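> Each chain, letter by letter, is given below.
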Amino acid sequence: MEENSTPKEVVQEKKQRSLWDEAWRRFKKNKTAMAGLVYLSILVIVAITTTVIDWVTKNQVYKNYIIKQDLLHRLKGPSAQHIFGQDEFGRDIFLRMLWGTRYSLFMGALAIIFALIIGGFLGALSGYYGKRVDAIIMRCMDILLAIPSMLLATAIVAALGTSLVNVLIAIGIAYIPTFARTVRASVLTVKDRDFIEAARAIGCDDSEIIFKYIVMNALAPIIVQATLGLAGAILSIAGLSFLGLGIQPPTPEWGAMLSNARTYIRDAWHVTVMPGLGIMLTILSLNLMGDGLRDALDPKLKN
Amino acid sequence: MYKFIIKRLLQLIPVIIGVTFIVFFIMNLAPGDPAAIILGDQATAEALAMKREELGLNDPLLIRYFNYMKGLLHGDMGTSYKNNIPVWNQVIDRLPNTAILAVAGIFIALLFGIPIGILSAKKQYSILDNVSMVAALIGVSMPNFWSGLLLVMLFSLTLGWLPSQGMGSGGFVPLLRSIILPSLTLGINSMAMVARMTRSSMLEVIRQDYISTAQAKGLDDHIITTQHMLRNALIPIITAVGLQFGHLLGGAMLAETVFSWPGLGRLMVDSIKSRDIPMVLGCVVFMATMFSIVNLIVDIVYAFVDPRIKSVYKKGN
Amino acid sequence: MSELLLEIKDLSIIYSTEDGLVKALNNASLQLHKGESLGLVGETGAGKTTLARGIMRLIPNPPGKIVGGEIFYEGKDLLKLKDKDMRKLRGQQISMIFQDPMTSLNPVMTAGDQIREVILAHNPGMSKKEGRKQAEDMLEMVGINASRYDNYPHQFSGGMKQRVVIAIALACNPSLLIADEPTTALDVTIQAQVLEMIHDLKEKNNTAMLLITHDLGVVAQNCDSVAIIYAGEIVEYGTLRQVYKKILHPYTEGLFGSVPSLDTTSKRLNAIDGMMPDPTQLPKGCKFADRCKYAEKRCQERNPELIELADGHKVRCIRYEHEGR
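Chains as they are written, first to last, in the numbering used here: chain C, 692 to 994; chain W, 830 to 1146; chain S, 12 to 336.
Because the hints were derived from the structure by calculation, they are not lab data. Just so you know, these numbers come straight off a predicted model, no measurement behind them. The beta carbon of each residue, even a glycine, is placed where N, CA and C say it ideally should be. Do not take every clue at face value.
[As the list claims (entries may be wrong)] The following label-pair restraints were derived from C-beta to C-beta distances:
1. Leu858(W) with Trp746(C): 30 to 36 Å
2. Glu85(S) with Arg1036(W): 49 to 55 Å
3. Asn156(S) with Arg891(C): 30 to 36 Å
4. Lys722(C) with Glu307(S): 45 to 51 Å
5. Ser770(C) with Leu988(W): 37 to 43 Å
6. Pro944(W) with Val735(C): 37 to 43 Å
7. Ala771(C) with Leu858(W): 47 to 53 Å
8. Asn918(W) with Ile808(C): 30 to 36 Å
9. Asp1050(W) with Asp885(C): 30 to 36 Å
10. Glu141(S) with Ile827(C): 43 to 49 Å
11. Arg1036(W) with Ser158(S): 51 to 57 Å
12. Pro944(W) with Ala157(S): 34 to 40 Å
13. Pro74(S) with Asp885(C): 33 to 39 Å
14. Val747(C) with Leu988(W): 46 to 52 Å
[What the hints assert, rightly or not] Okay, derived cross-link-like pairs now, DSSO-like style, lysine-lysine, Cα gap no bigger than 30 Å in a straight line:
15. Lys144(S) with Lys952(W)
16. Lys951(W) with Lys754(C)
17. Lys140(S) with Lys20(S)
18. Lys256(S) with Lys951(W)
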């Protein structure tokens, strides 16, 4: 008898755990996704640490190690002292990459948050009110989507000039339609469910319903989209910097480092390989995490 | 079917108007007085005023946009600030080079991406599946300007097989040799994306009841794969490829810069650096229009593959 | 009785899932004679579809696998056939109709082509034109105008789709038709029509049928014998008359209790209490003991054998073990 009763209890317990616990449990089981998460956490720590170091030392470290030139040791390959080697001005590539982490991560994240707030707001309005509002907003989004995002970002930077803020805005705007669509789709799927009716019946007003119920329920696809969007945004930032339209040297942004490296491609492989590897691993870890999140949050989609 | 195509063509018009307006508006935010850029620092105030009037810069934005579009219909996109050559001519010169590159990129993506995806799906969880999906994930994650540089290092500098710069002229072979690396660079991301997409789409289809029906008919495996699985799996893949084309056009700027490929993307980057606004505007308008047209083609192909869409349209009209 | 067509002996099928090993079918044995109809009755998840797919050797692998038993079709063990030879049998000798007509047809292929495909596959050398003609005949036979050959599945109603599916299944005049709940997804009025059509076509061609259903009424109208399946095991098996006249197994009793009837006065249906056991953790004793009103202590201890009573009626219940032959 004992044996027979256990499975039922397990089932009961499973039901009691919330959706998020369940998702986290599935995510933890996914080794590659966890690897992505760990790598990304390390990057975040690096980005914060280097920022704090700059702040505490009043940029002394930055001036003396990150942008200070050492022309005697130009393009020296990897060694015990400089594990990723030295660049065309003799600077340590590994240190520069550590210091460059913040541009990719923080700027990418800011751009995505910007896109998420505006796109999410538009998408929620569109999905919730439907009809005219929906038609107008979504047509605008369609038009924005009709311009390839990298092209749109480049055009905006071309017009506004290449400052940090402009790059951020440019990439943010390019991602607005993606989030508007995601949020709208989620809103449409939850809008007519019973609990929304119930909320309306107990007298919640529109804004309360939108944010408390619909947005909370739309969170899963948004998280997935944001993770994958962040990967795209980091690529775009690096791409713009590579073209010389983003973050300018001597700032150690990874794409900008690659842009300089091009000139020395015949002389030193490490100058090209290392920064690119940094970008690739970051994007890879985000993609792994995004895939893992999608599987964890929407088990139906899992193969 | 003709009706469908015409309807989609008509729908393209507002999109193109919207796209050009947004781009026109963005480029108008550019600081600096075009008249001053054209005439240089030594120009007198009267000369500047005259030039401004001549360029129509004193009109409101909407009027200027309207005039621009009127010009566009006649193949007039203004003249370049840099060399005074009409923008239209320069853009049209470069357009085929970018188109060739993009088509070659898509071709590579489909040629390798679809078969890899099919094999992976049919041998789900096998070593082949795992290896190709890891490779695809890395492929999706590689910045294309970096993979371009790596390809140059390997095939041009180390092995010396293929040229690293420029577009080969004087016959098919030089062109082919010069296009391999840039199109591969451009196609890698899309190839990986298509492979992943094909795999997941195939896996979705494999579990459908109609595949069981097809198996129960006693059909050969390859017929089931091509006639029943792939034809259904293709529908989402086509959509993905259409979107990939947009990435490809964005990526073209990077790939063309790496390989000094004389396309629209590089023209645009150069023009941005020299603040040649009409030229940038021209490039963006052309590329965005190209993307819209590709999307239109995708929609039409889509309707051919999926009979449901065709008949919805027939009923609706 | 006519010649033996299909004999399943001790067929066992498992699925390996994340939650553990599912024993979907355990030592199932069935017989089917030429032209005969056998109804396979049980609730969702009992292993009916697994059994049907097992005969076709269409268990999705992974996760499924046939782990034991034999399936003799006209004396040949299907499980030992080469893939190529098995393919020749499918669609030609043994056909299958799947549950849901809405999803059983390929949405991007015309209905006619889907019928022609099976004809051409089993008649090498036949021209496409000839194939089309035969497919059109098949359409007419299932009551669809041949002019609709070029229509796509979405242009048909559910009942018509199922007719197309039936046309596919019968296009090559199979000796055995496996119909997996062919009418469950259809409207009640259409159900009767479709069943009647299957019945007529089957009579005409002397096709044997394995009819999978959870509807005892359907079985009564269409079948010669019945097998009741519960949690992957056959619990009662006999001719229609045997089973319907003298219910032996408590589960069967429960099934009949949940059928509404006009001539009894009970106010409510007697549903069977409880649920089927978790297939990853089947009890070691009788699978039905937990829900059985006659359950005794010994039921938990040992799984009873399927025993044959004097008249050939088979049952898997400890209460009849002393009566067995």
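> Name the hints, by number, that the structure is in violation of.
2, 3, 5, 8, 9, 10, 11, 15, 16, 17, 18
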